[in-house]
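All chains should be built: construct the whole structure from the sequences, respecting the hints.
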Amino acid sequence: MQFHNGRLFDHVHLRARDFAVTSRFYQAVLASLDIPVTAMSEKWLQADELFIDAADAGTIPTHIHLAFQAKDRAAVHKFYEAALAAGGKDNGAPRERHYHPGYFACFIIDPDGNNIEAVYHGPSTRSAASVTIEPTA
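Counting from 1, one number per residue, gives the positions in the sequence shown under the UniProt record's numbering.
Any given hint could be a false lead.
[Stated by the list, open to error] The calculated BS3-like cross-link candidates involving lysine-lysine, where the alpha carbons are at most 25 Å apart (straight line), are:
no.: 1; residue 1: Lys-89; residue 2: Lys-78
no.: 2; residue 1: Lys-43; residue 2: Lys-89
no.: 3; residue 1: Lys-89; residue 2: Lys-71
Hints listed in this document are in silico derivations from the structure and should not be mistaken for laboratory results.
Here's what the structure looks like:
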């Protein structure tokens with residue numbers, strides 16, 4: 001297994017009220033951004049640093065804000081349309097935001113009430129695509 005590192009988080013873990021519904025939703029929005037699902041079963045899904053599984057019965061998952069990097073403005077639009085088609089609720093259509101010049105984003109409420117975003121910060125350069133880490137143990 002390989003991990004890509006170089007950002008702040010090791011992983012983000014979301015808990016789903018209805019895993020089947022949430023899994024379909026995230027498979028659609030991740031595919032819209034060309035982010036592969038790296039591992040999956042009937043009970044959990046992983047896409048690099050993102051891990052999703054079912055919440056314990058009787059618990060309400062914590063609502064969070066999660067922002068995905070988009071490669072361009074078209075990818076933000078594609079994410080928005082895929083999220084709506086997969087059952088997400090509009091929380092802000094694609095447009096430039098006031099956070100800083102060039103901040104182009106959309107917001108969707110996922111099936112569990114999380115506010116998810118796709119954001120493009122404008123043209124940029126990377127020192128590397130990512131750093132690949134392969135655990136030795």
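Okay, the hints, checked on the actual structure:
no., hint, verdict
1, Lys-89 with Lys-78, "holds (15 Å)"
2, Lys-43 with Lys-89, "holds (24 Å)"
3, Lys-89 with Lys-71, "holds (23 Å)"
The structure meets every hint from the earlier list without exception.
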